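Please take these sequences and the hints and turn them into a complete structure.
Chains as they are written, first to last, in the numbering used here: chain A, 1 to 346; chain B, 1 to 346; chain C, 1 to 346; chain D, 1 to 346.
None of these hints come from the bench; they were simulated from the model.
For clarity, every value in this text was computed on a predicted model and none was experimentally measured.
A virtual CB, placed ideally from N, CA and C, is assigned to each residue, including glycine.
Hints should not be assumed to be uniformly reliable.
[As the list claims (entries may be wrong)] Not the full set, but computed from the structure, chain D residues with beta-carbon under 8 Å of chain B: (1) Arg188; (2) Ala190; (3) Glu192; (4) Leu194; (5) Ile195; (6) Phe196; (7) Ser197; (8) Val199; (9) Ser200; (10) Asp201; (11) Asn241.
There are 4 protein chains.
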Amino acid sequence: MSAKTKIAILGASGYTGAESIRLVMGHPNLELKALTGYSRAGQALEATYPNFTGYDLPPIQKWEDVEWSDIDAVFACLPHGASQETIAQIKDKVDCIIDLSADFRIKDPDLYASTYGRPHGFPSLLQNAVYGLTEYARNDLRGADLVACPGCYPTCSLLSLLPGVEAGMFDLSSIIIDAKSGVTGAGRKAKEGLIFSEVSDGAHAYGVASHRHAPEIDQVLGRISGQDVVVSFTPHLIPMNRGMITTTYVNLAKGVTFEQVKSEYEGRYATEPFAHIVESVPQTRHIRGSNRFVMGIFKDRIPGRVIIIGVIDNLTKGSAGQAIQNYNLVRGWDETLGLKHLAVFP
Amino acid sequence: MSAKTKIAILGASGYTGAESIRLVMGHPNLELKALTGYSRAGQALEATYPNFTGYDLPPIQKWEDVEWSDIDAVFACLPHGASQETIAQIKDKVDCIIDLSADFRIKDPDLYASTYGRPHGFPSLLQNAVYGLTEYARNDLRGADLVACPGCYPTCSLLSLLPGVEAGMFDLSSIIIDAKSGVTGAGRKAKEGLIFSEVSDGAHAYGVASHRHAPEIDQVLGRISGQDVVVSFTPHLIPMNRGMITTTYVNLAKGVTFEQVKSEYEGRYATEPFAHIVESVPQTRHIRGSNRFVMGIFKDRIPGRVIIIGVIDNLTKGSAGQAIQNYNLVRGWDETLGLKHLAVFP
Amino acid sequence: MSAKTKIAILGASGYTGAESIRLVMGHPNLELKALTGYSRAGQALEATYPNFTGYDLPPIQKWEDVEWSDIDAVFACLPHGASQETIAQIKDKVDCIIDLSADFRIKDPDLYASTYGRPHGFPSLLQNAVYGLTEYARNDLRGADLVACPGCYPTCSLLSLLPGVEAGMFDLSSIIIDAKSGVTGAGRKAKEGLIFSEVSDGAHAYGVASHRHAPEIDQVLGRISGQDVVVSFTPHLIPMNRGMITTTYVNLAKGVTFEQVKSEYEGRYATEPFAHIVESVPQTRHIRGSNRFVMGIFKDRIPGRVIIIGVIDNLTKGSAGQAIQNYNLVRGWDETLGLKHLAVFP
Amino acid sequence: MSAKTKIAILGASGYTGAESIRLVMGHPNLELKALTGYSRAGQALEATYPNFTGYDLPPIQKWEDVEWSDIDAVFACLPHGASQETIAQIKDKVDCIIDLSADFRIKDPDLYASTYGRPHGFPSLLQNAVYGLTEYARNDLRGADLVACPGCYPTCSLLSLLPGVEAGMFDLSSIIIDAKSGVTGAGRKAKEGLIFSEVSDGAHAYGVASHRHAPEIDQVLGRISGQDVVVSFTPHLIPMNRGMITTTYVNLAKGVTFEQVKSEYEGRYATEPFAHIVESVPQTRHIRGSNRFVMGIFKDRIPGRVIIIGVIDNLTKGSAGQAIQNYNLVRGWDETLGLKHLAVFP
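As structure tokens, then:
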């Protein structure tokens, strides 16, 4: 009998699924017991991910076929929409579900409906879910049974903004987030627009003024500040695999100085295990494969404005890494368990 | 006796030099007569650029050794600083010099000195030089003998902003330019920070709040608007060879609508041969190797704000292509001569 | 009435289609009159290829809807299999068809069937088609009405081998071709295995000992040498857009020296407009976007063996460029017409 | 007092140095006590490698300043030539030196001199060094005080060939190794030929018939087979960071069948922790950051010939990972200690 916690990963064939597998396999307290998929059910994982060849992993099966009595907790890496359907059905069978999809991120069912183009199927679950931006959710995570991990863009944007927002240091009507993401952020989909020759050696914006992560960012900033917030948010696709930058422009509130803001951030993140402030300009490649958020804060040329540059690995801190970190906290474990991977650079 | 105009390219071994060679070789009215370089003087060009192997090109020589009586016009692709020194010495020997360096872009000698960290050596030449942002310089270009081609970032930023600025449609205190450039923008330099493994598969900002192209942008916006302008400007390095995006955020002036702005832009660029407005989001790869500036204009989520996304190939429209376009206008030729290259995609 | 030759391009939405459009648009004697596609019929080309935005191009239509009386010649860029079906139906409506697919490359219907897994539908057309490896087909091309352009791998491999094979200088049982191709060689297909994150920052072989281009290479070597030839051929996928290298290893025939071989190659290619021998090691990036085949020939460490390294742009000399070159010869024009593009480097 | 073994890493600023640091930091029995460098002495490591920011690491110092009494073992990641000089001076101060340079790989001083263009300075040390191709060196490694880690190309080539060579199954005069490497293989050097725009989006061979790893491969094949062996070896540079493929072509010895060879390989590697045979075609990206060698073996189209495709991460199994594996064996530890990193894919 294993003393380890038994984990099922739903949606093992996507990139967040694969990253979850990598992290669970390296976690001292977790044991990978089940992998699910739909079109690939019955296959070995290594048929999709040869990087897992030779490890003794469970085969991909349909979630209906999982022996749930043998599972303690679930990492759900399903597409948006499909996630809530499945979670509703297995919710009572396991102790905790960590959802990496967008399905439980937006608390207001109306906002969910307008953002995702369909009503939420399980509003009561929605109310229950803890929004797992780890550094701002520790109190709620302990013992939670449903955790909604933030989107990758919200993670990087919010960690860049929240210390200043919490301290009332920013003009909240002035927030502009210019984001750049690697291609894994789009998932593992056979889409013409994602093939190598369409996204390499070039760059472009997408989802201009309409990306679904913007309302999610608004919601959290609003909750923390107690004000209505609307951010400007423009993501760009960059020819790299992993990694994300958010370059955030914001005006200081009246009477606030740059030095005060910097000092506030340094204080807030001084003891965080995975949020770091550097004097240099952070680069995505230096946190590749690690669970770190790294940021720099800079005085703009325009007086009264600051520029905050944050980077994460979208698959790790922006998804599966934050999921593990959250589950560690759900269980009351050291939150760095299984997450000490150094960046793989170059 | 050749009826073609005889051209010398100074600084043939850099990337703007190489792009100038490519474009001059394809120009019906131009003949490449001399190439200069310092450390590579005496070598064939193909030792540095094997892509030019087998064409009958002049060898690289020191500029002092050029037979200037045989040269009509010069494209100067020298490093900043070196350019003014050389230009001052050959100025009277040729009809026209098109300078691709930064040396004659900033009109105010004090601003030049503070931006480039040294006084300008030839302030009288400075006053004389035409700032060759082609679409806004046609009247001045005709017959000019010294043309300063704009930097790549200013070209893309200014073409994105000027129609609205000229029409008084923007709040000039609100301009934020978030720029992304390919690696050729850094030139052909043996620097550790530019080697493949340091810049591939990742992205980062640089020159935050301190890039030398910001004062150049300020200067032109100030001249056109008649007001003092300070922009926020943050460039990022992207793992691609050629190409640049500027994502520009600006508030509308009071009473101005998005539709009015869009219509103003469409009118302004309707007949431009190399400036185009598209409904979709422009991508750098779709203008790779061409002289096009392509932009889209979008309503932000925040009311009263617009997002303008512009792309150019930094080596073509951002440098050597604009140089040729300018020279065509100096001579009173069709400005598209030698510039009809279609983008090479994929 | 236009004096230009009117061209239809079948299969405009694939990469060889797009490259054909680029080259036809720059050809002084050709006029683009029709573009065909199936799923995109009715759309503007720029919806698929924004790089063609703003040029006055015909819309995509179904081939059945083309006004064939208005077309002189056709470049067929259709998928293998579909090509022969369509060509059979339009064959009598136009003067000449240049086929860029694999459908008419293999002369022997049995070999075709075993290679492509189905019998050829039009064996009589097959016999008629000229195999358009330009440098070895000039006599047959003049006036031809159906030309089968070679595959990209065969083009690069055969140009690397044929001068020596023709001169009887090689041991034909010893040929090993290790090939590396950019991702555009796989076409514009929404396949999971082609998305950026699956093919960037890594490399792999594919089609080991089973690639369909191997029998095509055998066939031509056999025809030229008069012997049965079986080559070893292993292609690899490389994270670049365009470009291909073939590294070919072959033993010299008894009594033949390296110097004799080198001299034979230099003589054979001395006057070729698009086949060049260099002393340095050729790089794909230096011929990007051009119609050049560039090769180097080297003495191996193992006595009696040579290494021939050839590079082409798979979309240009390996496909659409060679197609144009062939059509120039069909018409008796200068074969370099419309093909003088310099490489776009960097 | 620490029970861990205290490690110094010489040459911390190169890529093999950085990879050694990553692996030592994750090793349960090792403690990083000193880092050396020359031009960067006095700096924090994070000034060169921001990926190590925030970890408590020793500063870079000159090797002369290291407190050697406090060091148990050394990983020497110095440039070739410099390595032997330094090692000769510290040899008696530490228990064991694992050398990652080329200085102790070639046993024969004459071959060393002709390969590296200078006589070896310390031939007696040379005789003493264990050639650490781990899977073929276990008996010699136990207790060794100087280990020469193989080059990356030899590691991948030899692991591909040795099971068949050892069993006498190959015609040793027929070996052709066509290799492809990522750019980190060239090290962290400010060379023009390594900057992004010179090596991205393209590929090329280099060191044709003259690469220094070829004599190293010959030497080991000769030692194992008891015959003189000369291989054909052609490396290519591929636009990826990490990873290497060797595609090896070899004729079977008389009477040997493909099935026998395959079975021999499967037997030989069945219990190896880091050498794996797969049925599919291995890809470098699937072993990125891990210590795995993965290979496939295929029947060629030419009867009697096999194709062996091997992949490693050049910085891990091809350098720092193999170094750790060797040191584990020197100490009699489980050889997988500190090396269980899963590949980071995508």
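Now the hints, each set against the structure:
Because the beta carbon of arginine 188(D) sits about 7 Å from the nearest beta carbon in chain B, less than 8 Å, this interface hint is met. A hinted interface residue such as alanine 190(D) counts as satisfied when its beta carbon comes closer than 8 Å to some beta carbon of chain B; here the least separation is about 4 Å, so the hint holds. Annotation: interface hint on glutamate 192(D) holds; nearest CB of chain B at approximately 4 Å, less than 8 Å. With its C-beta approaching chain B no nearer than about 4 Å, leucine 194(D) sits inside the 8 Å limit, and its interface hint holds.
Hint status for isoleucine 195(D) relative to chain B: holds, with the closest Cβ pair at about 4 Å, below 8 Å. Interface restraint check: phenylalanine 196(D) against chain B, minimum CB-CB distance 4 Å, threshold 8 Å, status holds. Given the 8 Å rule on beta carbons, the hint for serine 197(D) holds: about 5 Å separates it from the nearest Cβ of chain B. Against a cut-off of 8 Å between C-beta atoms, the interface hint on valine 199(D) holds, since the closest Cβ of chain B lies about 5 Å away.
The interface hint given for serine 200(D) is met, as the beta carbon of that residue sits about 6 Å from the closest beta carbon of chain B, less than 8 Å. Contact between aspartate 201(D) and chain B, as hinted, is supported at the beta carbon level, the nearest pair being about 6 Å apart and thus within 8 Å. Given the 8 Å rule on beta carbons, the hint for asparagine 241(D) holds: about 5 Å separates it from the nearest Cβ of chain B.
Every hint from the earlier list agrees with this structure, and none is contradicted.
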